[in-house]
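J.: This is what each chain is made of:
There are 2 protein chains.
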Amino acid sequence: MSEAQSPQDSGEEDATEALYALRPGVVKAICEALADGRAMRVRRLVLPLHYTDVADLLERLNSDERRQVVELVRGRFNPEVLTELDQAVREEVVEYLGPEGLAAAVTELASDDAVELIDELDDAVQQQVLEAIPAEERVILEEALAFPEDSAGRLMQRELVAVPSFWTVGETIDHLRDSTDLPNEFYDIYVVDPKHQPVGTIRLSRLLRTRRPVRVRDIMEPDMKVIPAAIDQEEVAQIFRQHDLVSAPVADEGGRLVGAITIDDVVDVIDEEHEEDLMRLGGVKEDDLYRAAIATTRARFAWLLVNLATAILASVVIAMFEGTIEQIVALAVLMPIVASMGGNAGTQTLTVAVRALAMKELTPTNALRIVGKEVIVGGFNGILFAALTGMVAAVWFQSPPLGLVMAAAMVFNMIVAGLAGTLIPLGLERLRIDPAVASSVFLTTVTDVVGFFAFLGLAALFLL
Amino acid sequence: MSEAQSPQDSGEEDATEALYALRPGVVKAICEALADGRAMRVRRLVLPLHYTDVADLLERLNSDERRQVVELVRGRFNPEVLTELDQAVREEVVEYLGPEGLAAAVTELASDDAVELIDELDDAVQQQVLEAIPAEERVILEEALAFPEDSAGRLMQRELVAVPSFWTVGETIDHLRDSTDLPNEFYDIYVVDPKHQPVGTIRLSRLLRTRRPVRVRDIMEPDMKVIPAAIDQEEVAQIFRQHDLVSAPVADEGGRLVGAITIDDVVDVIDEEHEEDLMRLGGVKEDDLYRAAIATTRARFAWLLVNLATAILASVVIAMFEGTIEQIVALAVLMPIVASMGGNAGTQTLTVAVRALAMKELTPTNALRIVGKEVIVGGFNGILFAALTGMVAAVWFQSPPLGLVMAAAMVFNMIVAGLAGTLIPLGLERLRIDPAVASSVFLTTVTDVVGFFAFLGLAALFLL
Chain A
1 MSEAQSPQDS
11 GEEDATEALY
21 ALRPGVVKAI
31 CEALADGRAM
41 RVRRLVLPLH
51 YTDVADLLER
61 LNSDERRQVV
71 ELVRGRFNPE
81 VLTELDQAVR
91 EEVVEYLGPE
101 GLAAAVTELA
111 SDDAVELIDE
121 LDDAVQQQVL
131 EAIPAEERVI
141 LEEALAFPED
151 SAGRLMQREL
161 VAVPSFWTVG
171 ETIDHLRDST
181 DLPNEFYDIY
191 VVDPKHQPVG
201 TIRLSRLLRT
211 RRPVRVRDIM
221 EPDMKVIPAA
231 IDQEEVAQIF
241 RQHDLVSAPV
251 ADEGGRLVGA
261 ITIDDVVDVI
271 DEEHEEDLMR
281 LGGVKEDDLY
291 RAAIATTRAR
301 FAWLLVNLAT
311 AILASVVIAM
321 FEGTIEQIVA
331 LAVLMPIVAS
341 MGGNAGTQTL
351 TVAVRALAMK
361 ELTPTNALRI
371 VGKEVIVGGF
381 NGILFAALTG
391 MVAAVWFQSP
401 PLGLVMAAAM
411 VFNMIVAGLA
421 GTLIPLGLER
431 LRIDPAVASS
441 VFLTTVTDVV
451 GFFAFLGLAA
461 LFLL
Chain B
1 MSEAQSPQDS
11 GEEDATEALY
21 ALRPGVVKAI
31 CEALADGRAM
41 RVRRLVLPLH
51 YTDVADLLER
61 LNSDERRQVV
71 ELVRGRFNPE
81 VLTELDQAVR
91 EEVVEYLGPE
101 GLAAAVTELA
111 SDDAVELIDE
121 LDDAVQQQVL
131 EAIPAEERVI
141 LEEALAFPED
151 SAGRLMQREL
161 VAVPSFWTVG
171 ETIDHLRDST
181 DLPNEFYDIY
191 VVDPKHQPVG
201 TIRLSRLLRT
211 RRPVRVRDIM
221 EPDMKVIPAA
231 IDQEEVAQIF
241 RQHDLVSAPV
251 ADEGGRLVGA
261 ITIDDVVDVI
271 DEEHEEDLMR
281 LGGVKEDDLY
291 RAAIATTRAR
301 FAWLLVNLAT
311 AILASVVIAM
321 FEGTIEQIVA
331 LAVLMPIVAS
341 MGGNAGTQTL
351 TVAVRALAMK
361 ELTPTNALRI
371 VGKEVIVGGF
381 NGILFAALTG
391 MVAAVWFQSP
401 PLGLVMAAAM
411 VFNMIVAGLA
421 GTLIPLGLER
431 LRIDPAVASS
441 VFLTTVTDVV
451 GFFAFLGLAA
461 LFLL
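Protein chains in written order, with the working numbering: chain A, 1 to 464; chain B, 1 to 464.
It is worth saying that the hints were derived from the structure and are not from the lab.
Possibly wrong hints are sitting among the right ones.
If chains are identical, the list can't say which one is meant, so a pair holds when it fits in one copy or spans any two.
Claimed, not checked - No farther apart than 25 angstroms at their CA atoms in a straight line, the calculated lysine-lysine pairs in the DSS-like style are these:
no.	residue 1	residue 2
1	K195	K28
2	K360	K28
3	K360	K285
4	K360	K195
5	K28	K285
6	K285	K195
Given these sequences and hints, build the entire structure.
T.: In structure tokens:
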């Protein structure tokens with residue numbers, strides 16, 4: 001029974017909290033024990049924790065506490081902890097463990113987790129760690145490292161259960177009972193032909209419910225999705241999502257079964273890809289919550305510099321109309337409204353388009369229809385906000401012509417926003433640039449420049 | 001073997017495409033057959049498709065084609081298709097099926113999918129459908145509907161395998177072979193005490209590898225997470241993620257086992273929650289790709305209206321300095337740079353903070369540290385961009401004092417951006433408002449108002 005539901009819990013809320021996180025009381029107790037230098041107590045508090053909770057703990061401590069905890073539990077450190085840590089924290093912990101500690105950890109992990117860990121190391125450390133690993137394990141890791149980064153080959157685990165199609169259910173079950181080198185967890189077994197190519201899968205639930213004399217080829221599901229080892233993990237996630245898979249066999253170029261991908265690995269990919277999309281749209285390279293201030297400053301600087309260039313471009317457009325603004329200063333007051341409404345309308349369109357591209361819902365087949373729709377939506381909202389802002393401008397500055405100029409610029413900019421919000425991500429996708437990275441800066445450049453130019457230009461033409 | 005790898009495929013790229021999507025050629029052939037009124041050919045093309053592909057197909061067709069396809073395959077419509085459709089498209093298909101067709105579909109689905117489908121219906125239609133369902137099924141659905149929306153109780157499926165702890169592995173396997181009402185797929189079996197409270201779980205892989213005379217209580221995993229039926233699905237996703245679960249038992253208030261949640265349901269929740277975060281940050285209520293233009297316009301109008309109010313607020317600040325701008329028109333040219341850099345820096349901070357809150361990584365324990373870090377990052381980047389933009393301003397308008405005013409306003413606004421980018425989402429979270437919904441509009445209000453006020457105010461003080 002879960003700890004969270006046991007009677008020694010202090011309260012209802014605390015119980016729910018404990019279901020998805022480490023209890024704050026535990027963290028506090030460990031911090032105090034560390035501060036008092038009570039090593040035994042720290043060990044007694046940390047060692048019974050589930051590995052996911054240890055990871056949580058390490059993320060919440062500061063660097064110094066983190067080092068102390070790793071030193072104290074070194075001999076009994078569960079390597080699974082490493083797979084759960086945020087990258088910045090993991091790099092620290094890996095350093096504290098040293099090459100030997102790391103080699104021991106890698107040997108215990110499933111091949112997919114081990115590869116991920118090793119791949120992040122500097123070349124020199126990577127070599128040291130690989131040398132400290134038994135040869136048999138090392139070969140498997142080196143084979144996996146030969147697959148491109150973020151490919152299905154990296155994501156898969158080598159450990160799997162494969163049986164020939166002429167076996168019976170009974171033989172299969174006996175094989176499972178007698179084997180010692182099976183994966184810790186598996187949900188399907190794979191049926192292979194003599195060339196070791198996958199010809200079918202069997203759910204364990206199906207296997208369990210079938211009588212012993214039945215042949216596996218009679219209960220296998222032949223219509224399965226075989227994942228090529230070379231494809232990108234994002235595509236793997238899409239295949240799992242699209243076909244509601246729980247696990248899938250992976251084949252090399254020759255079609256031979258080389259590994260299996262299970263949904264828990266895919267959940268990590270989905271989380272990762274989500275985070276990437278969100279962060280890129282927000283102009284951040286990665287989730288830098290645990291990075292130091294200097295590293296964070298450096299990482300964000302580049303994006304802000306690009307934005308500065310586009311802001312200066314917009315200023316150049318404004319500068320073209322300095323004379324007009326000098327005569328009608330109300331233009332300076334109102335111009336940010338035109339630009340900002342265009343930017344917001346464009347961001348709405350862009351968000352939907354970027355998401356739809358990532359989910360493969362926006363395709364060449366329906367692109368034209370979606371662009372058309374967004375232009376119409378931009379036009380509709382443009383007309384509504386033209387009426388609103390035109391009236392505000394006319395009343396505020398007692399000038400109906402100024403209101404008309406405002407309204408015209410608004411409709412124009414909102415239509416452009418609908419167009420840019422779809423065409424920019426579609427264009428970047430076609431150029432094989434991730435639309436999430438670069439779309440928003442292009443978009444605001446377009447809506448600022450067009451907004452200022454349309455508003456100030458119309459004003460120069462009709463109001464002077 | 002997967003269709004995607006079979007020899008009749010036209011090419012390599014097409015093969016990969018077919019792994020995660022319906023091939024465009026199939027869609028085209030179906031559209032042509034529909035246009036020519038060749039009903040038999042449409043049926044022959046649609047019926048062999050996997051249900052996920054049928055869903056894909058329906059999403060890509062226009063409304064009229066969609067209706068035709070549903071009519072043509074009505075008798076052999078796979079209800080699983082409904083669970084895969086985008087909501088807007090699903091509402092349409094549900095209408096074409098009618099209450100009887102829907103009742104038939106609901107009866108075939110697993111209880112969690114059936115509940116989701118029924119829940120979306122208008123009250124009147126819901127009543128009609130429920131009445132057309134056999135009493136036994138209806139009771140289960142009505143019980144599930146009694147759980148709050150988006151709760152674990154709605155997410156779970158009722159169908160599960162539970163055995164008493166004194167059973168042996170052999171008895172359990174015989175039970176599995178003899179039962180007819182088991183779930184289609186399951187990964188764990190649950191061990192219960194006489195009060196039907198869960199006391200342990202057993203992975204199927206463990207069960208398969210254990211000899212028949214062993215008692216289940218000796219191989220069960222007693223340290224499991226039991227999910228209370230009342231908690232929110234977002235918390236369920238967090239628990240699965242936090243503890244790397246594949247399935248988990250769900251208990252009612254009395255601690256009795258009432259259902260099971262499997263990871264494939266959780267993947268849908270993760271996708272849903274992520275979409276919500278992304279869409280809300282982008283100022284869109286929901287992914288409206290498949291909605292009509294008028295409905296989309298209406299849905300986006302409200303957000304743009306809120307933004308208009310904040311844009312006007314910024315304009316009011318500018319209007320306070322009309323006299324200053326009239327004398328130094330360069331201020332109108334440069335002021336958008338100060339506001340825009342603050343907005344971008346703030347958005348970076350905000351994105352990280354909103355994500356960290358959603359992932360429960362930003363907690364009361366570390367909030368102060370994160371706010372402090374963001375202020376420092378804002379200060380560092382503020383100084384860098386103050387130097388850059390100050391020089392640009394001084395050179396462009398040949399006025400070192402103008403450059404100094406620009407620099408001072410820039411540092412100030414970037415620090416405010418770091419502060420606002422963390423405090424706004426933290427504050428909203430404390431008020432139990434989703435930070436993703438409202439944060440960005442508050443943030444840009446702050447960075448615009450502060451940016452314009454600091455820049456124009458300092459200019460009025462020192463340059464006139």
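J.: State for each hint whether it applies.
T.: Each hint, compared with the structure:
no.	hint	in the structure
1	K195 x K28	neither (57 angstroms within a copy, 37 angstroms between copies)
2	K360 x K28	between (46 angstroms within a copy, 17 angstroms between copies)
3	K360 x K285	both (23 angstroms within a copy, 20 angstroms between copies)
4	K360 x K195	neither (34 angstroms within a copy, 48 angstroms between copies)
5	K28 x K285	neither (32 angstroms within a copy, 40 angstroms between copies)
6	K285 x K195	neither (45 angstroms within a copy, 52 angstroms between copies)
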